[in-house]
Amino acid sequence: MILFDFDYERADTLEQAVALLARLQGDARALAGGTDLLPGMRMENIRPGLLVSLSGIEPEAPQVLADGSIRIDALTRLATLENSELVRRVVPMLAQSAHVVGGNQIRQMGTLGGNLCQEVRCLHLDQKHDYQFVAPCYKRGGTCCYPFPRNAPEVCWSVYMSDIAPALIALNAQVEILGETGTRRIDVEALFTGNGLKPLALSQAELLRAVLIPAAAPGFTWGFHKSTVRGGLEFGMAVLAVALQLAEDGRTCTDARIVVGAVREGPVRPVAAERSLIGKTLDEERMEQAAADTSRVVNPLPHHGFSKRHLMDNIRVHLRRTLARALQRARDQEAGR
Amino acid sequence: MSKHRVTATVNGDAVEFLCETGETLLEALRDELQLTGTKEGCGTGDCGACSVMLDGRLVCSCLVLGVEAQGKTIETVEGMAKGDELHPLQRKFLEHAALQCGICTPGMLISARALLERNPDPTEEEVRYWLAGNLCRCTGYHKIVEAVLDAAREMRGA
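Quick mapping for you: the protein sequence lines, in order, are chains A and B.
Following my numbering, the numbering of the first sequence begins with 1 at its first residue and continues without gaps.
Following my numbering, the numbering of the second sequence begins with 1001 at its first residue and continues without gaps.
If you're looking for bench data, these hints aren't it; they were derived computationally from the structure.
Any given hint could be a false lead.
Pairs of lysine-lysine, DSBU-like flavour, derived with a Cα cap of 30 Å [stated by the list, open to error]:
{"#": "1", "chain 1": "B", "residue 1": "Lys1003", "chain 2": "B", "residue 2": "Lys1039"}
{"#": "2", "chain 1": "A", "residue 1": "Lys198", "chain 2": "A", "residue 2": "Lys308"}
{"#": "3", "chain 1": "B", "residue 1": "Lys1039", "chain 2": "A", "residue 2": "Lys128"}
{"#": "4", "chain 1": "B", "residue 1": "Lys1072", "chain 2": "B", "residue 2": "Lys1082"}
{"#": "5", "chain 1": "A", "residue 1": "Lys128", "chain 2": "B", "residue 2": "Lys1003"}
{"#": "6", "chain 1": "A", "residue 1": "Lys308", "chain 2": "A", "residue 2": "Lys139"}
Start from the sequences, fold in the hints, and give me the full structure.
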């Protein structure tokens, strides 16, 4: 039971949903899968005056466009993503990142757009504040930060924990955003502000319509790893996504994108570490160095009981392995051809 | 809080109920329709005790608003047995003693049935992965997995 009053409207089209959201600017939310929004409302972290339900809108099936890129409706369920034959073949990293989200029920309910638009998390924020805390924290309009008491006013160090966003950024994907004035298209990377108080660069009356992923060129290989304690049904300690472009020799890297998720207010790209790989032969030493550099520059926030030191070690070790696996994948593909 | 009139199909029967905007499907099932087989565990989508089928999808009914059920087809644990005859999964859960306190059992049964409908011959790993969203704090899962595999064997006629 959600204990505060709110209105409920069902939209038949995304355009209608945007119009409804715009009418109550600043106080309305779109409801897709509900797996993140409804617990947030129950905890009263989010208190919209109006919910606009998108449950009546059927997502389009994923499709490959003329230029080889793939277009995926933002309302596509995560279970559809992980099981879609097309997605598994064309963008296996996306299928893998959807596969590791939550449990079975969550993946059958949650949507791609909802996963990208999920709220930031914090051990203190995600508890019922009424009886746990004396004063609300910055994120709830209050005057303190419980995990980081010396934070400057209005600074919320919470963690954005999407598993799919790092994969999409590594794949250089874009999102199509529908607003009152029409559609705009931005890189998935540009969707994140890095500000815990307002983690997404979306206005209240904007909705994600689709995700577009460019076609992979020959020599493309990838690695993805979600580091967890139990191995399933939980948020990541760190989520690592790696996309590499290899030259014909299969060892020289011509382009690299590394993304670390679940450690800051948005996914982080260690650009210097990426550059250190470009034009080089990927050997053990080089990958080890890139992983070590990454763990330093992403500056992980201690979250959910994990210390900064632990998270840095975790990123270093797992990124090295993820890079090695990406390279191995390229070799296996070459051998299988 | 305003009340909404909702019509839906629950276990094959057309039903109509009134629910408040903030009421979850779980509360609507239990409190409005008196279908108390579906249990509330965590209320935040972690434990899977409230699993039901909603238009063929396995969902946590605590994460669905009651009003969202409008026009939808819902299947709960009450619909599994045919009269006095238990569903093979239910019988195998009893035979293998795959339950202790029983709070997770309705969710486990619904979830396991959804698996066997998709994949009549799952491996142990597939069963464990599929049931990962259903937590049990008593039996330790082993007997539950055995019961599901045994039921799958029987339902295949093997």
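Evaluation of the provided hints:
| no. | hint | result |
| --- | --- | --- |
| 1 | B:Lys1003 x B:Lys1039 | holds (23 Å) |
| 2 | A:Lys198 x A:Lys308 | holds (23 Å) |
| 3 | B:Lys1039 x A:Lys128 | holds (22 Å) |
| 4 | B:Lys1072 x B:Lys1082 | holds (22 Å) |
| 5 | A:Lys128 x B:Lys1003 | holds (26 Å) |
| 6 | A:Lys308 x A:Lys139 | holds (22 Å) |
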